[in-house]
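Peer 1: Spelled out, the chains give:
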Amino acid sequence: GDSVTQMEGPVTLSEEAFLTINCTYTATGYPSLFWYVQYPGEGLQLLLKATKADDKGSNKGFEATYRKETTSFHLEKGSVQVSDSAVYFCALSDPQGGSEKLVFGKGTKLTVNP
Amino acid sequence: DTAVSQTPKYLVTQMGNDKSIKCEQNLGHDTMYWYKQDSKKFLKIMFSYNNKELIINETVPNRFSPKSPDKAHLNLHINSLELGDSAVYFCASSPRLAGLSTDTQYFGPGTRLTVL
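Chain order of the listed sequences is C and B. With the first letter of the first sequence counted as 1, position 6 gets the number 6 in the working numbering; the numbers rise by one all the way through. With the first letter of the second sequence counted as 1, position 20 gets the number 20 in the working numbering; the numbers rise by one all the way through.
Honestly, the hints are just simulated from the structure, not real lab data. Watch out, some of these pointers could steer you wrong.
What the hints assert, rightly or not - Under the rule of at most 27 Å between Cα atoms (straight-line distance), these lysine-lysine pairs were calculated in the DSSO-like manner:
hint : chain 1 : residue 1 : chain 2 : residue 2
1    : B       : K19       : B       : K9
2    : B       : K71       : B       : K40
3    : C       : K109      : C       : K68
4    : B       : K67       : C       : K109
5    : B       : K41       : C       : K109
6    : C       : K106      : B       : K36
7    : B       : K44       : C       : K109
8    : B       : K36       : C       : K109
9    : B       : K9        : B       : K52
10   : B       : K22       : C       : K106
11   : C       : K68       : B       : K44
12   : B       : K44       : C       : K106
13   : B       : K36       : C       : K56
14   : B       : K41       : B       : K19
15   : B       : K9        : B       : K44
16   : C       : K52       : B       : K44
17   : C       : K106      : B       : K41
18   : B       : K36       : B       : K67
19   : C       : K106      : C       : K52
Computed from a prediction, not measured in an experiment: that's the story for all the values here.
The shape of chain C in the complex, shown without the other chains (with noise of 0.2 Å):
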């Protein structure tokens, strides 16, 4: 079945370093991938998407390309904030593989440090 692998956190950074929060995936079809960020006491929101190899998300200074060579889809941003702190959740889509609902990796933790 198709599946999501996001890197284990918790990731500590300081504030204005380099993101990357790694996102591989199995898919039958081919997918749609998703990156939600869950900030402290929230519900999760859509940080940013793609819906085809090669097609780039981004939103809020976060990228994420989608690789279909290496099924992946990592998390970039070039200097992060303190305001970025929050559980950021890699997911898919997968029509193709007749499951009808969203597939969420376990999440990542990030905190920024001042």
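Given chain C, work out where chain B should sit, using these hints.
Peer 2: Frame of chain C; chain B shown alone:
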């Protein structure tokens, strides 16, 4: 205006009690979901409804019963609460079934359930 709202935000109750969590979305979406998030932040889908029809029913104890009176509401009733039910429960909605589309899911703020 809140897109997906849940009540209550916090729920503390004794083992064996019955409780309900309500969810409403004002986005006009056809599909709604319930997720359970454990203490390690792992997110697990419990149910999804599309146009008031049950689509996904994961391996959830039958003490959990969702009810969708209309497309804008999906409530969760839990009977005979157990310690292991303590978690944060999130409601979400999307225009179509998220797994079959590129649609974004919109999440509510969560209900933190504590069973004593």
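Peer 1: Compare the structure with the hints numbered earlier in the document and write down the numbers of the violated ones, lowest to highest.
Peer 2: The structure conflicts with hints 2, 4, 13, although it agrees with all the remaining ones.
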